[in-house]
Each structure stands twice: as C-alpha cells, then as structure tokens.
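Number of protein chains: 2
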Amino acid sequence: MSRRSLLGRTAAVAAGATTLTATAAATPASAATTATSRDVDVVIVGGGLAGLTAARDLVAAGKTVTVLEARDRVGGRVLNLALANGGVTEGGGEFIGPTQDRIKALADSLGVATFPTYNTGKNLLYKDGKKTPYATDGLLGSVPPVDAAGLANAAIVQASLDDMAKQVPVDAPWTAAKADEWDRQTFESWLRANAVIPSAKFLLDVACTSIFSAEPRELSLLFVLFYIAAAGNETTPGTLERLTETANGAQEQRFVGGSQQVPIKLAATLGDRVVLKAPVRTVARSGGKYVVTADGITVTAKRVVVAVPPPLAARITYDPLLPAARDQLTQRLPMASVGKAIAIYDTPFWRADGLNGQVVSDTGVVSSTFDNSPPDASYGALMGFIEADEARAYDAASEAEVRAAVLKDYVTYFGEKAASPTSFVLQRWNNEAYTRGGPVSIAAPGVLTQYGPALRAPVGGIHWAGTETSLHWMGFMDGAVRSGERVAKEVLAAL
Amino acid sequence: MSRRSLLGRTAAVAAGATTLTATAAATPASAATTATSRDVDVVIVGGGLAGLTAARDLVAAGKTVTVLEARDRVGGRVLNLALANGGVTEGGGEFIGPTQDRIKALADSLGVATFPTYNTGKNLLYKDGKKTPYATDGLLGSVPPVDAAGLANAAIVQASLDDMAKQVPVDAPWTAAKADEWDRQTFESWLRANAVIPSAKFLLDVACTSIFSAEPRELSLLFVLFYIAAAGNETTPGTLERLTETANGAQEQRFVGGSQQVPIKLAATLGDRVVLKAPVRTVARSGGKYVVTADGITVTAKRVVVAVPPPLAARITYDPLLPAARDQLTQRLPMASVGKAIAIYDTPFWRADGLNGQVVSDTGVVSSTFDNSPPDASYGALMGFIEADEARAYDAASEAEVRAAVLKDYVTYFGEKAASPTSFVLQRWNNEAYTRGGPVSIAAPGVLTQYGPALRAPVGGIHWAGTETSLHWMGFMDGAVRSGERVAKEVLAAL
Numbered sequence: 000m001s002r003r004s005l006l007g008r009t010a011a012v013a014a015g016a017t018t019l020t021a022t023a024a025a026t027p028a029s030a031a032t033t034a035t036s037r038d039v040d041v042v043i044v045g046g047g048l049a050g051l052t053a054a055r056d057l058v059a060a061g062k063t064v065t066v067l068e069a070r071d072r073v074g075g076r077v078l079n080l081a082l083a084n085g086g087v088t089e090g091g092g093e094f095i096g097p098t099q100d101r102i103k104a105l106a107d108s109l110g111v112a113t114f115p116t117y118n119t120g121k122n123l124l125y126k127d128g129k130k131t132p133y134a135t136d137g138l139l140g141s142v143p144p145v146d147a148a149g150l151a152n153a154a155i156v157q158a159s160l161d162d163m164a165k166q167v168p169v170d171a172p173w174t175a176a177k178a179d180e181w182d183r184q185t186f187e188s189w190l191r192a193n194a195v196i197p198s199a200k201f202l203l204d205v206a207c208t209s210i211f212s213a214e215p216r217e218l219s220l221l222f223v224l225f226y227i228a229a230a231g232n233e234t235t236p237g238t239l240e241r242l243t244e245t246a247n248g249a250q251e252q253r254f255v256g257g258s259q260q261v262p263i264k265l266a267a268t269l270g271d272r273v274v275l276k277a278p279v280r281t282v283a284r285s286g287g288k289y290v291v292t293a294d295g296i297t298v299t300a301k302r303v304v305v306a307v308p309p310p311l312a313a314r315i316t317y318d319p320l321l322p323a324a325r326d327q328l329t330q331r332l333p334m335a336s337v338g339k340a341i342a343i344y345d346t347p348f349w350r351a352d353g354l355n356g357q358v359v360s361d362t363g364v365v366s367s368t369f370d371n372s373p374p375d376a377s378y379g380a381l382m383g384f385i386e387a388d389e390a391r392a393y394d395a396a397s398e399a400e401v402r403a404a405v406l407k408d409y410v411t412y413f414g415e416k417a418a419s420p421t422s423f424v425l426q427r428w429n430n431e432a433y434t435r436g437g438p439v440s441i442a443a444p445g446v447l448t449q450y451g452p453a454l455r456a457p458v459g460g461i462h463w464a465g466t467e468t469s470l471h472w473m474g475f476m477d478g479a480v481r482s483g484e485r486v487a488k489e490v491l492a493a494l
Numbered sequence: 000m001s002r003r004s005l006l007g008r009t010a011a012v013a014a015g016a017t018t019l020t021a022t023a024a025a026t027p028a029s030a031a032t033t034a035t036s037r038d039v040d041v042v043i044v045g046g047g048l049a050g051l052t053a054a055r056d057l058v059a060a061g062k063t064v065t066v067l068e069a070r071d072r073v074g075g076r077v078l079n080l081a082l083a084n085g086g087v088t089e090g091g092g093e094f095i096g097p098t099q100d101r102i103k104a105l106a107d108s109l110g111v112a113t114f115p116t117y118n119t120g121k122n123l124l125y126k127d128g129k130k131t132p133y134a135t136d137g138l139l140g141s142v143p144p145v146d147a148a149g150l151a152n153a154a155i156v157q158a159s160l161d162d163m164a165k166q167v168p169v170d171a172p173w174t175a176a177k178a179d180e181w182d183r184q185t186f187e188s189w190l191r192a193n194a195v196i197p198s199a200k201f202l203l204d205v206a207c208t209s210i211f212s213a214e215p216r217e218l219s220l221l222f223v224l225f226y227i228a229a230a231g232n233e234t235t236p237g238t239l240e241r242l243t244e245t246a247n248g249a250q251e252q253r254f255v256g257g258s259q260q261v262p263i264k265l266a267a268t269l270g271d272r273v274v275l276k277a278p279v280r281t282v283a284r285s286g287g288k289y290v291v292t293a294d295g296i297t298v299t300a301k302r303v304v305v306a307v308p309p310p311l312a313a314r315i316t317y318d319p320l321l322p323a324a325r326d327q328l329t330q331r332l333p334m335a336s337v338g339k340a341i342a343i344y345d346t347p348f349w350r351a352d353g354l355n356g357q358v359v360s361d362t363g364v365v366s367s368t369f370d371n372s373p374p375d376a377s378y379g380a381l382m383g384f385i386e387a388d389e390a391r392a393y394d395a396a397s398e399a400e401v402r403a404a405v406l407k408d409y410v411t412y413f414g415e416k417a418a419s420p421t422s423f424v425l426q427r428w429n430n431e432a433y434t435r436g437g438p439v440s441i442a443a444p445g446v447l448t449q450y451g452p453a454l455r456a457p458v459g460g461i462h463w464a465g466t467e468t469s470l471h472w473m474g475f476m477d478g479a480v481r482s483g484e485r486v487a488k489e490v491l492a493a494l
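As given, the protein sequences belong to chains A and B, one line each in that order.
For the record, in the first sequence the residue sitting at position 6 is 5 according to numbering that gives the first Met the number 0, with numbers rising by one throughout.
For the record, in the second sequence the residue sitting at position 190 is 189 according to numbering that gives the first Met the number 0, with numbers rising by one throughout.
Read the hints as simulated data drawn from the structure, not as lab findings.
One should not assume that every hint holds.
Copies of the same chain look alike in the list, so a pair counts if it fits in one copy or across any two.
Stated by the list, open to error - Straight-line distance between alpha carbons at most 27 Å, and here's what the computed DSSO-like set of lysine-lysine pairs gives:
{"no.": "1", "residue 1": "Lys-177", "residue 2": "Lys-103"}
{"no.": "2", "residue 1": "Lys-416", "residue 2": "Lys-129"}
{"no.": "3", "residue 1": "Lys-103", "residue 2": "Lys-129"}
{"no.": "4", "residue 1": "Lys-301", "residue 2": "Lys-416"}
{"no.": "5", "residue 1": "Lys-129", "residue 2": "Lys-288"}
{"no.": "6", "residue 1": "Lys-126", "residue 2": "Lys-177"}
{"no.": "7", "residue 1": "Lys-126", "residue 2": "Lys-301"}
{"no.": "8", "residue 1": "Lys-121", "residue 2": "Lys-62"}
{"no.": "9", "residue 1": "Lys-177", "residue 2": "Lys-200"}
{"no.": "10", "residue 1": "Lys-200", "residue 2": "Lys-488"}
{"no.": "11", "residue 1": "Lys-130", "residue 2": "Lys-165"}
{"no.": "12", "residue 1": "Lys-276", "residue 2": "Lys-301"}
{"no.": "13", "residue 1": "Lys-126", "residue 2": "Lys-288"}
{"no.": "14", "residue 1": "Lys-288", "residue 2": "Lys-165"}
{"no.": "15", "residue 1": "Lys-301", "residue 2": "Lys-177"}
{"no.": "16", "residue 1": "Lys-129", "residue 2": "Lys-488"}
{"no.": "17", "residue 1": "Lys-200", "residue 2": "Lys-130"}
{"no.": "18", "residue 1": "Lys-416", "residue 2": "Lys-200"}
Predicted model only: the values in this text are computed from it and were never measured.
Start from the sequences, fold in the hints, and give me the full structure.
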C-alpha cells in the first residue's frame, strides 16, 4: 500500500482540497468564505456519497451543480482516520460485499481497489464468561456455537425473517400484504414470540445490534423486514445472512487506502462545485427557483437535492413549509447510536492464535469486533463497534474512559497483549454535529405504514437522497450511491 | 359573555398587542423589527403557557427577561379562533379538569373564569353503522354500551392500566421496576394480548386516539402508563378515567372567552418583554453567557429556557453542541397528529334531541366530538377532533375537502341539520410551522428508558420547559404551566 493511499483524517481533507485546487480556481475550504452567491441548475445539500454521486451524474448530463457540505471534508458517514504510525483506518462505513454493485462500480471508476476483510482463522464467541473459538466455514456458516436447541430455533427464526422479507416490496414496504401486522409491533415483541430459546434470542439480539446499532425494542418488525429485503440488488433478494456475514456478506471486502478515498476522489472530479464548511440553513422558493442559504454562501437553483439523513433534513428551514407528511416523517426517523474504537498494535497478534479477530460477545462496551489491519499486515488493528445501548452509555464519557472500557474488552477477548496498543482512535457518531448518530435512520412501529411514501416523494422542486431513500442496501455506502443515481435521474427528468 | 371575551383569532392577537402597548413602550409585533439586541438575565424561547409562566415567575423574582416567540401571537398550542358570528372557539387546548391546579390558579389570577363543558343529555355511540344514545351517569360512567363481554374485558384492562400506572414514578418512569418490560412493546401489542374481546379493543383504541391523537402502535406501553400516571397531581394519582371523562375528568370545564385568554392576559402582564415574530435560530455560549439569535433580534442572557416541543427544540442550532443524549431524545419525541373542526349553527339543535353532542364512533374523519357552544347557547358549535391516521389522511386535503368529510360525519351522527352550518373553522396542527403536529410529543418503545433523563436535565445554562417536561398533566395546559413554574425555580436556584 502506497503512502498516498494511507492518507489519514487531516491528510485526507488536505488531499481532497489539493486535488480540487488542481482542477479548479478555488479550493472548497476557501469557497465558503469567498464565494457569496452562485446560480446553478441544481444545488445539492450534503457532500456524502449520495450528494456527490448525484452531482457526478448531473454534471455528466451537462447541468451546472453546486454541492454544499457542512463539514470541512466530504464523505459524510464515510471517514478515514489518520493513525500515528502513518496508516489509515475507518471511523465510519468501511465494508463492501456482494450485490453492492453501485458502490463497487463507483470505486472502480475512481481507481479505488478493494481487498478482502481478514477472515482467516476462527471467530470467537464470548458468552457467560467463556471463550469459544469456532470455525466460520462450517455447516452453520459463522453462526456462533450456542446449544443445539438455540441453533435450531435461530435457524427457524432466520428462515422466517427471510421468508417474510421476501413479501416486502423494497420500493413500498407499506404495501406488503401484512404491513399493518408487521408495523404494529417491535422487533423485540416478535423475537420474544419466536426466538423462544434464550441462546437463540441472544443470537438474534447480537445480529440486530450489529446490523442496526439499535436494540430490537427500538425497531418496527416491518422496518427490519424491509432492511433485510433491501440487502440485495434488483435480481438477488436480500437475506439476513448477507447482512451479517463476512464471507459472501456485507463485510466481505474493504477499500485500499480507506473507504473515504471514494468520496474524496469523487469530489476531486467535481472541483470547486463542492463547497465545504457551508451548513445549509434555509431552502426557500422564490419565483420559479429555489434560494438555498448556507453559512457563507447563497445558491440559487432550479432544483434542490437534499442528501442528508432525515433528522438533519428536518433542521433546515423550508419556505414554503414542507407538507406535514414529509415533516412528520423526519420527526420519526431518528439516527441509531454508534461508535467505532480502533486499537493499533505492532502486529495482528491474534492471528498467531488462530483467530480472525471477529468476536461475538454477550457483554462489554464492544461486543462485535473486526481485524482492521492493512492488507500487508504491517501493523495490527482491532476495530470494535460500540452499539445502541452501549453507545448511549458512553456518549458523555471521556475518550480515556471509553479507551479503558474498550481495552478491557479486548483483553478479555484476545489476552493481555491487547492491553497495550501503540495508538487508539475513537469515532463517536452520536457526538458529531452533522450526523448525530449512525449508521442509519431507524423506524419505530407505525412509521413506514403512515409516512413511508414521503421518503422519496419530491416536494415541488426539492428532491430527497441519502442511503435512507434507497431501495437496495439502505444504511450502506451502496445505498447512498444508488440514491444519488436515482435522484439525478429524477431531477434530469424534471429539468 | 361580553363582546370583549369573545375576541377571535385576529382580534385576540390585536387585543394582546393592544394590552401590551398600554403597559409598555413597544408592541411585541414591532419589537422584532425595531429592537436588534437586548441583554437580560434570562431569555425564554417560546411564548406558550410554559414560557410565559416561567417569565412571570422570573420577573416576580426581580429578574430581567425576554420571551422570544416565533409566531405573531402568544399561546403556542392554545389558540382562539374568530367566528363569523362574532363568537370565539378554540383551535387548540381548551379543556380543564380536576387536579389541573396550576392552570386553574393561573387563570384565576388573570381573571379568566371557567364554565362547565356542556354535558347534559346522552352521549352517542356510532358503531357498525348503528347509532346508540347512552346515559353518561350510569354504573359505567360514560363507557359506551358495547356488548357485556366487551365491557367486562374493557373494565379489566382499564383497571390493569391504572394499576400498572401506579407503579410508574412520574418523575422518572424509566426507574419503574418493570420499565424495561413495558418499554419494549407497543401499546398495540399489549392491547392485543389483553383487550381480547373486539369491542373492548375498540373502546381502548378510541380512548388511545382521543387521548394521544396517536394510534396504539405508535406508543410505548411505558409511555402510555406514564401519561396515565401523570393525569393527577402531587396527592391524587392519575387514572385513565380522569383522562377520558368529561364529568370529573380532563374535559370538565372550559374558559370563558376561549382558552387563549389565559396566555394573552399573561403576556399582557409582561409587556414588551414578549417579542413576537422572532423565531429562534441559534443558541450560542459566549464567555459566561448565552447569545440567542432570532429573526430580527439577538438576546444575550445568563440563562436560556427552551419552552418549545422537543422536535422543534431540535431545529435550533446549539453552539457548543448539545450532548448526544439530549439531541437523540429530540429525534425520538415526534409530535402526534391532530386537527380540530368546528361547525357553527344557529342553535345547538342536538340538545333538543336529548344529546350532549359527544360522539364516540368507529368510523369517520371525526370519531370524537364535543358541544363547543358558548355558555349562553346563543349559537351552536360542534367540535370534532381529527386524530392520528385520520389527521394524516387529510393533511394534504383542501379545507373544502375536509369540511365536506367532517360535515358528512356530523350528519351521520346528528342528522340533516348538521349539513348546513353557518360557518366552519378548521385548525390542522400538523401544518403549523411552529408546532408541526399535536397535541403533544409521543414516545415509541425504547425512548423513555434510554433517553428519559435528558427530558429535563439542564445543559450548562440551558433549561428545558414545555408540557412534555411536566411530572403532572403532560400534554395539557396544566402541564405547560407546571413546567414553567418548575423551570423558573430551577433557573432562580442557578442564577
């Protein structure tokens, strides 16, 4: 891996700006302070993968575009973190897997290569205070080896969920024949009635927090089924297994140089069309156009694409008011709660113990880990998700407190060597101004059936994008890219 | 009733401004355009009952105060509507009942009198296409006469809910012994397991939509139990019956001149401390103080009271950022969905048929009505609630379409005379910029147990008020007043 591809957080931002400078008169960072107004065909709110992809397609179609990004960097929930050793790791979305065709195509087009997530050796189950390594290529795939009754129960539950998910149209989950029944109960209620063996309930709980960074009680059963249905593409239906697996699943591959290379390189192709440090405050219709006001810049455009998560879209002032259905939807799609903690070691020492670095645990601030070491294993990186209730419990803790709690877990799972990382990086999305949670918006009972149609329906000249609006791989980078491609088509048809 | 007390919507605003002019140099309406900055002890965001009550208590304690109100009127969810016949009716909160001591004391202090809600004659049940008048003072109170099995089942369910509610501490519902159990399921799931007779389920569904303007599937069981527990005062525990009843219940009395007389008269005592048309955009800490920026005015203060509903508080930009617990809470307390439709007739003609104007129906855009005629019955007013799914179904409809649908219901319930009102007024809270729903924020499963403590916890010098923060009568005018009194004490202790 080249030094270039190991650009870290600060370096990555600078690289983005540098690249953009090379292709444009103004750097994005300075644009917000120097450019006070622009008039374009389409203004895009949000410089994540969705907004940038939409911009790419609109520019390709000959339209003038401005992307307004609140942060001093592009990528949204996709973020490279610089390491003290010169390496890079990811604070946000990092994995890519089968049927995630659109993020793959985008990365290919930008020359960002993938490599397999480290998956050699055994997974580790930590349950009831006991460590059990287990093979991930057995008859049960990588299902942790709980008791036989629990495994049988979990298999039935998984099959039921997949079967129900097949009955949920991804473009309109609220039209499923049983939508009302599935949207009136929490996933927790359904699990309690179906995952009746405690160890089966444990497996499903772990799957839930791993997938959504939310507890089963926070989710509508219909929303869970939609999310499973969306874990595929136009020809391959989604399955729960594809969401949870590494091999042949959503965690199969990673990006060389870190996933943020994709939005950084994409933004570079857009030059000074991307304006950083420009949080949007108002979207106002004026005559036949829209005036979008951000800190430091005002953009007039024929069409507006809002490509930020629904609860953040709610914080923009719209004039005229949005329809109640859209506004109340955005009151009802909160961000889940997630953090990532990455400990860096001289070597991926767990590999010598025959472990692949992937843990499933019934305790700890981190109950799910991955080996985030670089492809050449020149150093070791243990990445742990801090999810749902655990994320909330540690939101207000100091970084030192989180570090101590995380390393305690890592020692429990991987032994004393884990106690002394060479460095430690932490990303808590709940504390980020322009995300306020993650990885994705979640829906409680009653939301999809009453408000679902407002997810994508344009309001006048305002169009909605973002992974939450995707028919496939909602919550993933692929969903973000798909939503950008869809909204660009929508806008082009309307212009 | 005097002409003065019958001030309507426009007239009421003018009266407020006029009264304020009489006691202060600047009118509130002009203050936003003329006053560009103020420096006070406490700035209050929101001129509803909560914010105005807090202002009253802080001023009484010798503090300097500014109230910033987004609208061109005070009162928030309490609103008088002018009628073509010179009368007044209410578009928002209107009722007051036993144990609602604080709104009563406030109204008394301002000379706003109450009168009994019209409750003479029979209620009407409309179910399965059949009308059944029934006495409201029988053994079963005003429970609609469904089949005996349903009545028995409903009585058991009601007793269970009251019993469980008694186990919920109103100051910390999340500490109830069974909080986790009750906060992991929807009210719908619980009802389906307990209200097993269809007619009992119907009665509880009607109670739910009437109380919350939300469907049982949208609500956490724990939230419902808290709401019941809160329907009392410090010495009298809340009950479901007190929420649903007219006699001896939350709908027992009304205010002479319309409920908005209370905030209007309260605001008049505050003079030009109240600034209208000043929607707050940012709350920023600066040195040891806070700078609160609204359209047209900036206020510097030692303390800030935010007295608007949680989802609207989320739309203010805070610097520094709010803690994640507070921010994510406000992503998870959406406003319910409600409208009110009032048809005006020459006389309350239904009274001659022995009816009190109160309907419970299993169909219609309006399934719950009241006789909103003035005390002297100089004209007739039929008020209907448009709730939950019905409110959402009609959010985007024209007023003419809503009127036609409502009058069709009124004819069904009260006969052909209802087809020809002399006037018709409609208030749809979902479509209001500075409410976006109503009557109150609701909580889905998982919200109170994870985020409840953030409801009232001050963040630095920022304090939270509004009926959603009250220990008693959350969702009611009384809760708003209580929250204002509580927050004033909190601020005074901190100043």
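Are there hints from earlier that the structure breaks, and if so, what are their numbers?
-> Violated: hints 1, 3, 4, 5, 7, 8, 10, 11, 13, 14, 15, 16 and 18.
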